[in-house]
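Participant: Protein chains in written order, with this note's numbering: chain A, 1 to 249; chain B, 1 to 143; chain C, 1 to 260; chain D, 1 to 416.
Derived by calculation from the structure, the hints in this document are not laboratory data. Hints are supplied without guarantee of correctness; some may be wrong.
[Stated by the list, open to error] Cut-off 35 Å, straight-line C-alpha distance, at most; resulting in silico cross-link-like pairs (DSBU-like, lysine-lysine):
1. D:277 - B:51
2. B:87 - D:66
3. C:6 - C:258
4. B:87 - B:20
5. C:224 - B:49
6. C:224 - A:123
7. A:113 - C:41
8. B:87 - C:225
9. B:51 - C:224
10. C:188 - A:167
11. A:18 - A:113
12. C:188 - B:20
13. B:51 - C:225
14. D:66 - C:225
15. C:258 - C:224
16. C:225 - B:20
17. B:126 - D:66
18. A:18 - A:176
19. C:188 - B:51
20. A:113 - C:3
21. D:84 - C:188
22. B:87 - C:188
23. A:123 - C:6
24. C:41 - D:84
25. C:224 - D:277
26. C:224 - D:394
27. A:215 - A:176
28. C:258 - A:18
29. C:224 - A:13
30. D:66 - B:51
31. A:176 - A:123
32. B:87 - C:224
33. C:41 - B:49
34. D:66 - C:188
35. B:20 - B:126
36. D:84 - B:20
37. A:167 - A:123
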Amino acid sequence: MIRIDQVSKSFGKLEVLKDISCTFEQQGRIVAILGPNGSGKTTLIKSILGMVLPDVGEISVVGQPIRGRWAYREAISYLPQIARFPDNLRVIELLRMVQDLRQQPAHPEQLIKRFGLTSHLHKRLSTLSGGTRQKVNLVLAFMYDTPLLILDEPTAGLDPVAIIQLKEMLGQAREKGKLVLLTTHIMPLVEELADEVVFLLDGRIKFRNSIEVLKHTFNAANVEQAIARLLLNSGNAHRSLDRVSSVVS
Amino acid sequence: MKKLWIALCSLISACSPSPKPIHYGEAMCHWCKMTIVDQQHAAEAVTRKGKVYQFDAIECLVQYLDELGNDDQFAWLLVNDFNRPGKLIDAQTATYLVSAQIPSPMGAFLSAFATRAEAEAMQQQKGGQLYDWVGARQYVRQR
Amino acid sequence: MIKILKYTLFDLLRSRSLLFYLAFYLAFTFGLFGLSADIQKVLISMMNVMLILVPLISTMLGVMYYYNSREFTELLLAQPIRRRDIFLGQFMGLSGSMAMALVVGVGLPFVWFGVGTSPFFVQFLILLGSGVVLTFIFCALAFFIALRNEDRIRGFGLAILVWLVFAIVYDGVFLLALALWSDYPLEKFALATSLLNPIDLSRILIMLQLDIAALMGFTGAVFKKFLGTALGSAVAVGVLVLWVLGPLAAIHAVAARKDF
Amino acid sequence: MKYLVVWMVWLWIGLWPCSMKGASWWVYGKCEWTDIQSAIERAAPCDTVWVNGGVWRVDHPIVIDKPLVVLGKNRPIIDGGGGKGDLLLITADDVELSGFTFRHMGINYVEDVAAVRAESVRNVYIHHNVLENTFFAIYLAHVRGGEVAYNRIVGGAVEENNSGNAIHAWYCSELRIHHNEVQGHRDGIYFEFVDESRIYNNHSHDNLRYGLHFMFSDDDVYYQNTFAHNGAGVAVMFSRRIHMWQNRFMHNWGGASFGLLLKEIYDAQIQGNTFSKNTIGIFVEGSNRIQYRHNLFRANGWAIKMNGGCMDNVITENEFVYNTFDLAIQVANESNSYDRNYWSEYSGYDLDRDGVGDVPYRPVKLFAWVVQQTPEAMILLRSLFIDLLNFSEKVSPVLTPAAVMDHQPLMHPLLQ
Numbered sequence: 001m002i003r004i005d006q007v008s009k010s011f012g013k014l015e016v017l018k019d020i021s022c023t024f025e026q027q028g029r030i031v032a033i034l035g036p037n038g039s040g041k042t043t044l045i046k047s048i049l050g051m052v053l054p055d056v057g058e059i060s061v062v063g064q065p066i067r068g069r070w071a072y073r074e075a076i077s078y079l080p081q082i083a084r085f086p087d088n089l090r091v092i093e094l095l096r097m098v099q100d101l102r103q104q105p106a107h108p109e110q111l112i113k114r115f116g117l118t119s120h121l122h123k124r125l126s127t128l129s130g131g132t133r134q135k136v137n138l139v140l141a142f143m144y145d146t147p148l149l150i151l152d153e154p155t156a157g158l159d160p161v162a163i164i165q166l167k168e169m170l171g172q173a174r175e176k177g178k179l180v181l182l183t184t185h186i187m188p189l190v191e192e193l194a195d196e197v198v199f200l201l202d203g204r205i206k207f208r209n210s211i212e213v214l215k216h217t218f219n220a221a222n223v224e225q226a227i228a229r230l231l232l233n234s235g236n237a238h239r240s241l242d243r244v245s246s247v248v249s
Numbered sequence: 001m002k003k004l005w006i007a008l009c010s011l012i013s014a015c016s017p018s019p020k021p022i023h024y025g026e027a028m029c030h031w032c033k034m035t036i037v038d039q040q041h042a043a044e045a046v047t048r049k050g051k052v053y054q055f056d057a058i059e060c061l062v063q064y065l066d067e068l069g070n071d072d073q074f075a076w077l078l079v080n081d082f083n084r085p086g087k088l089i090d091a092q093t094a095t096y097l098v099s100a101q102i103p104s105p106m107g108a109f110l111s112a113f114a115t116r117a118e119a120e121a122m123q124q125q126k127g128g129q130l131y132d133w134v135g136a137r138q139y140v141r142q143r
Numbered sequence: 001m002i003k004i005l006k007y008t009l010f011d012l013l014r015s016r017s018l019l020f021y022l023a024f025y026l027a028f029t030f031g032l033f034g035l036s037a038d039i040q041k042v043l044i045s046m047m048n049v050m051l052i053l054v055p056l057i058s059t060m061l062g063v064m065y066y067y068n069s070r071e072f073t074e075l076l077l078a079q080p081i082r083r084r085d086i087f088l089g090q091f092m093g094l095s096g097s098m099a100m101a102l103v104v105g106v107g108l109p110f111v112w113f114g115v116g117t118s119p120f121f122v123q124f125l126i127l128l129g130s131g132v133v134l135t136f137i138f139c140a141l142a143f144f145i146a147l148r149n150e151d152r153i154r155g156f157g158l159a160i161l162v163w164l165v166f167a168i169v170y171d172g173v174f175l176l177a178l179a180l181w182s183d184y185p186l187e188k189f190a191l192a193t194s195l196l197n198p199i200d201l202s203r204i205l206i207m208l209q210l211d212i213a214a215l216m217g218f219t220g221a222v223f224k225k226f227l228g229t230a231l232g233s234a235v236a237v238g239v240l241v242l243w244v245l246g247p248l249a250a251i252h253a254v255a256a257r258k259d260f
Numbered sequence: 001m002k003y004l005v006v007w008m009v010w011l012w013i014g015l016w017p018c019s020m021k022g023a024s025w026w027v028y029g030k031c032e033w034t035d036i037q038s039a040i041e042r043a044a045p046c047d048t049v050w051v052n053g054g055v056w057r058v059d060h061p062i063v064i065d066k067p068l069v070v071l072g073k074n075r076p077i078i079d080g081g082g083g084k085g086d087l088l089l090i091t092a093d094d095v096e097l098s099g100f101t102f103r104h105m106g107i108n109y110v111e112d113v114a115a116v117r118a119e120s121v122r123n124v125y126i127h128h129n130v131l132e133n134t135f136f137a138i139y140l141a142h143v144r145g146g147e148v149a150y151n152r153i154v155g156g157a158v159e160e161n162n163s164g165n166a167i168h169a170w171y172c173s174e175l176r177i178h179h180n181e182v183q184g185h186r187d188g189i190y191f192e193f194v195d196e197s198r199i200y201n202n203h204s205h206d207n208l209r210y211g212l213h214f215m216f217s218d219d220d221v222y223y224q225n226t227f228a229h230n231g232a233g234v235a236v237m238f239s240r241r242i243h244m245w246q247n248r249f250m251h252n253w254g255g256a257s258f259g260l261l262l263k264e265i266y267d268a269q270i271q272g273n274t275f276s277k278n279t280i281g282i283f284v285e286g287s288n289r290i291q292y293r294h295n296l297f298r299a300n301g302w303a304i305k306m307n308g309g310c311m312d313n314v315i316t317e318n319e320f321v322y323n324t325f326d327l328a329i330q331v332a333n334e335s336n337s338y339d340r341n342y343w344s345e346y347s348g349y350d351l352d353r354d355g356v357g358d359v360p361y362r363p364v365k366l367f368a369w370v371v372q373q374t375p376e377a378m379i380l381l382r383s384l385f386i387d388l389l390n391f392s393e394k395v396s397p398v399l400t401p402a403a404v405m406d407h408q409p410l411m412h413p414l415l416q
């Protein structure tokens, strides 16, 4: 479904992605992309979306190289990290607008109800709180039935109830056979939901495998601990991890 | 498109000095500031750098040249041919007639002719004195 | 593109800054008419104001709009829409709404005071037309600057600089050049130089339509003669169009290669 | 033409030398005297010749060679038929010519042909005629004493650049030119070597070059004339002691236009005139000892533009209102005085309330100065850069001539 082939990207002198190769197949999986700040998570996601253009390498989505194309994004729903919308639009107008732009069947009604947004529909976006705005953001991302779902920090600013709802929605997505890529800092969420972890460090994939293998490899009780150890060992663990990830992919 | 290109090029490129037509009734004499209307007595000087000065009378051109005292800076010195209103001819090769019967705009009674024969013909008709360019300038100076 | 344009317009037409922009023109133009009923005088005053304000506000609002809608633009970029369409749409939406504010803000008072039946109708149209074109040109420049500069402070700085260059510095250098080369015939140089600056070109296009053109003497006559020909007016319009298309092409090129 | 011409006796009473007594002669068609010339020949000096109506084609000029009163009744028309000669020639003293229409002359590039020419005579009186499409209309050469009044002179050659002057006077003196309407000629009224003459109440408009033009003429007065829409209003050149009072110079608007051109003139008085909407109100070059007083300069491009060589001029108690430039000067340190004028752009204050501003006014804008040096810079008119330039110069003058200053600018308009 997504094929990343020897992709490198630098911003000025800063190398953000260093020769990354990996593939993600669609099989009802939730893949957590983890890594410390500045490790290249968001850049990787944006590269898949075509927002960042790799210096080297190629990315294919649904079997087609994406460079210079845009129509493939019909297969992707995206939740950006920071949600800011035109200040003068109302919620309902924003929803209609995105639908109008995408021209794909959308089902926002249930999501609106689920997040309790009904009463906010006619408010201007600039007047909404950060949490509510994130809910609107979630509606925009989940209202399409696309095979691929990319979420950048979906829990930011959400209240616990909304987080539970998000988890439900992610579970449903997996059941429907979608591929979900998400980044997050909340490890329990990863532990609870993710089938697989991709760990990025300094622009390279340091680790990629299932949660179980992750915990087992680092002899950890939970993901948080495993990641912490992964980070601590990253210096001398390079080789083995590379091997591991290459074996897995 | 090609025309447009040529026009733009000619706009931007520095021009080699060339005479410019006098817009009678609009242009102002560089010397006496009068509007140039007389198509038989107007004159023009073009500097080597391409700057054009126009005069309503030959005597104005002469006075201007005398004040500058440096003819070398001019690529063209031109005067109207009395017999062909509106036509400019080389001032240095023209023949000049000073005749009380032919007033010129600034009162010098000075007219220019393309050929000596034409000037003589007019002299027969109107009387007066013939000069070449140097003589005509001398005449204006002493007036 | 049309849809992006539509929504950008939809958003901007309700924005406070644009409403303020509109209100300013309305108030100012009505105010001028309050001071003088002479349409030509008001036209000249409006010309002065517009040639300064339109480029300034257009670059400022253009840069501001781009930076403010940065995140939303990212959301759009993740949608199945052509990149070019997003930026073109936003540009058209912004410059379109600003142009509308200008046309309504300046046009309404003029129409109210009877420009339609006055002998200055053509001049009025040229004034509005060049205002609109300047809006487009400087919005495009602003978008280009903002696209090239992630840093807002730098972006704003450059935008002001660009405005300064076109509105003031250019004329200063121009004047200096005229003074330095006063031994040479300068009409064509002057003509070419002022054709190249859209603000100067607009000013001259309007001035030539007004009585005041007579003050411009021989050089003015050269302009009038040139711009009076089909070729001349084609060149003038062509230059203005190029001033819109050039930055647009640059926007397109930058946007195609840019990372978000 | 079947016009019956009526005989009648006419007694002329007045100061005219011929008016004591004289027979009257009639000219009519298809009878003994079918042309005006033979009637003139038959008439004795001091007779009156009446011409009643009709269109009189003229191939050779009618010559009036004795003191006569030649009067047109029912507006007879003297038609030149596009020919290249004069229509009527006055070669005798004490001739009065009135009531005719002269029309249709061709252009002559070699000779200054005229509809009515008076040469080397005294006391010619030409009045109440209409002259249409003539080359020169009325041409006076070596005329001493004479009056040209109430004529209507309309040149048709507005597009043509080769056209004569409407009223042309050369080596004349003691003329009175008044109440004429002249238009469509090269110059409306032209004076060359004409002294001690008066020009008043004329309306000179839409002429190609000047409404009124003095060359080498001294001690003349012109007043209460209106000069509008001419190529330029009035040119006074190489003349002395010309007085210009209460004339109106309007709408002389164009690339090389001005209301009044002064070139090499001395000791003139310019008083109570109105200069309105001229590209340049007064253009002065090489003129000394001129008094400008009580003139109104309104909405001109330049109110006064002075080139070099202007000394000892006094500009006082004038009103400068809404001019793009009040004053432009080429040479700064000439001894001219600009005190006690009203300037609409003056923004000073008057603390002691004596009607005179406490801060001097500098009438020369920096841009005016720049344009004087580099005329091409004019296309920067009304650009922001220029506004800033002017403003900064106003705040702290560096380049504009310090000597050019109104030390006592008036706070209130004087004249309106």
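Participant: All hints are to be evaluated individually against the structure, with a verdict given for each.
Facilitator: To see whether the hints hold, each was checked on the structure:
Our distance criterion of 35 Å between C-alpha atoms is met by residue 277 (chain D) and residue 51 (chain B), whose separation comes to about 30 Å. Distance hint between residue 87 (chain B) and residue 66 (chain D) is unfulfilled; the C-alpha atoms sit about 44 Å from each other, more than 35 Å. Our distance criterion of 35 Å between C-alpha atoms is met by residue 6 (chain C) and residue 258 (chain C), whose separation comes to about 24 Å. Under the criterion of a C-alpha separation no larger than 35 Å, the hint pairing residue 87 (chain B) with residue 20 (chain B) is consistent with the structure, at around 11 Å.
Distance restraint check for residue 224 (chain C) and residue 49 (chain B): the Cα-Cα separation of roughly 24 Å lies within the 35 Å cut-off, and the hinted pair is therefore satisfied. For the hint linking residue 224 (chain C) to residue 123 (chain A), the alpha-carbon distance of about 55 Å lies beyond 35 Å, and the restraint is violated. Distance check on the hinted pair: residue 113 (chain A) and residue 41 (chain C) sit about 61 Å apart at the alpha-carbon level, beyond 35 Å; violated. With a C-alpha separation of about 22 Å, the suggested pair residue 87 (chain B) and residue 225 (chain C) falls inside the 35 Å cut-off, and the hint holds.
With a C-alpha separation of about 19 Å, the suggested pairing of residue 51 (chain B) with residue 224 (chain C) holds against the 35 Å cut-off. For the suggested pair residue 188 (chain C) and residue 167 (chain A), the alpha carbons sit about 72 Å apart, so the restraint of at most 35 Å is broken. The suggested pairing of residue 18 (chain A) with residue 113 (chain A) is violated, with an alpha-carbon distance near 43 Å, which exceeds 35 Å. Distance check on the hinted pair: residue 188 (chain C) and residue 20 (chain B) sit about 13 Å apart at the alpha-carbon level, within 35 Å; holds.
Distance restraint check for residue 51 (chain B) and residue 225 (chain C): the Cα-Cα separation of roughly 18 Å lies within the 35 Å cut-off, and the hinted pair is therefore satisfied. With a C-alpha separation of about 55 Å, the suggested pair residue 66 (chain D) and residue 225 (chain C) falls outside the 35 Å cut-off, and the hint is violated. In summary, the hint linking residue 258 (chain C) to residue 224 (chain C) is not supported, as the alpha carbons are separated by about 44 Å, beyond the 35 Å threshold. Note on residue 225 (chain C) and residue 20 (chain B): the hinted pairing holds, with a Cα-Cα distance of about 14 Å set against a maximum of 35 Å.
A C-alpha spacing of about 28 Å is found between residue 126 (chain B) and residue 66 (chain D), which places the hinted pair at or below 35 Å, so the restraint holds. In summary, the hint linking residue 18 (chain A) to residue 176 (chain A) is supported, as the alpha carbons are separated by about 33 Å, within the 35 Å threshold. A C-alpha spacing of about 11 Å is found between residue 188 (chain C) and residue 51 (chain B), which places the hinted pair at or below 35 Å, so the restraint holds. Pair hint residue 113 (chain A) plus residue 3 (chain C) holds up; C-alpha atoms about 28 Å apart against a cutoff of 35 Å.
Proposed proximity of residue 84 (chain D) and residue 188 (chain C) is contradicted: the alpha carbons are some 43 Å apart, above 35 Å. Restraint check for residue 87 (chain B) and residue 188 (chain C): satisfied, since their Cα atoms lie roughly 24 Å apart, inside the 35 Å limit. Annotation: proposed proximity of residue 123 (chain A) to residue 6 (chain C) holds, straight-line Cα distance about 20 Å (limit 35 Å). Our distance criterion of 35 Å between C-alpha atoms is broken by residue 41 (chain C) and residue 84 (chain D), whose separation comes to about 49 Å.
Restraint check for residue 224 (chain C) and residue 277 (chain D): satisfied, since their Cα atoms lie roughly 20 Å apart, inside the 35 Å limit. Between residue 224 (chain C) and residue 394 (chain D) the alpha-carbon distance is near 32 Å, which keeps this suggested pair within the 35 Å criterion. Straight-line distance between C-alpha atoms of residue 215 (chain A) and residue 176 (chain A) comes to about 27 Å, which keeps the hinted pair within the 35 Å bound. Only pairs whose Cα atoms come within 35 Å are accepted, and residue 258 (chain C) paired with residue 18 (chain A) is accepted, the gap being roughly 19 Å.
For the hint pairing residue 224 (chain C) with residue 13 (chain A), the CA-to-CA distance comes to about 54 Å; that exceeds 35 Å, so the pair is violated. Pair hint residue 66 (chain D) plus residue 51 (chain B) does not hold up; C-alpha atoms about 57 Å apart against a cutoff of 35 Å. As the CA atoms of residue 176 (chain A) and residue 123 (chain A) are separated by approximately 33 Å, the hinted pair is consistent with the 35 Å bound. Only pairs whose Cα atoms come within 35 Å are accepted, and residue 87 (chain B) paired with residue 224 (chain C) is accepted, the gap being roughly 25 Å.
Simply put, residue 41 (chain C) and residue 49 (chain B) have alpha-carbon atoms about 40 Å apart, too far for the 35 Å limit, and the pair is violated. For the suggested pair residue 66 (chain D) and residue 188 (chain C), the alpha carbons sit about 62 Å apart, so the restraint of at most 35 Å is broken. Note on residue 20 (chain B) and residue 126 (chain B): the hinted pairing holds, with a Cα-Cα distance of about 31 Å set against a maximum of 35 Å. Of the supplied pair hints, the one linking residue 84 (chain D) and residue 20 (chain B) holds, its CA atoms being roughly 32 Å apart against a limit of 35 Å.
With a C-alpha separation of about 27 Å, the suggested pair residue 167 (chain A) and residue 123 (chain A) falls inside the 35 Å cut-off, and the hint holds.
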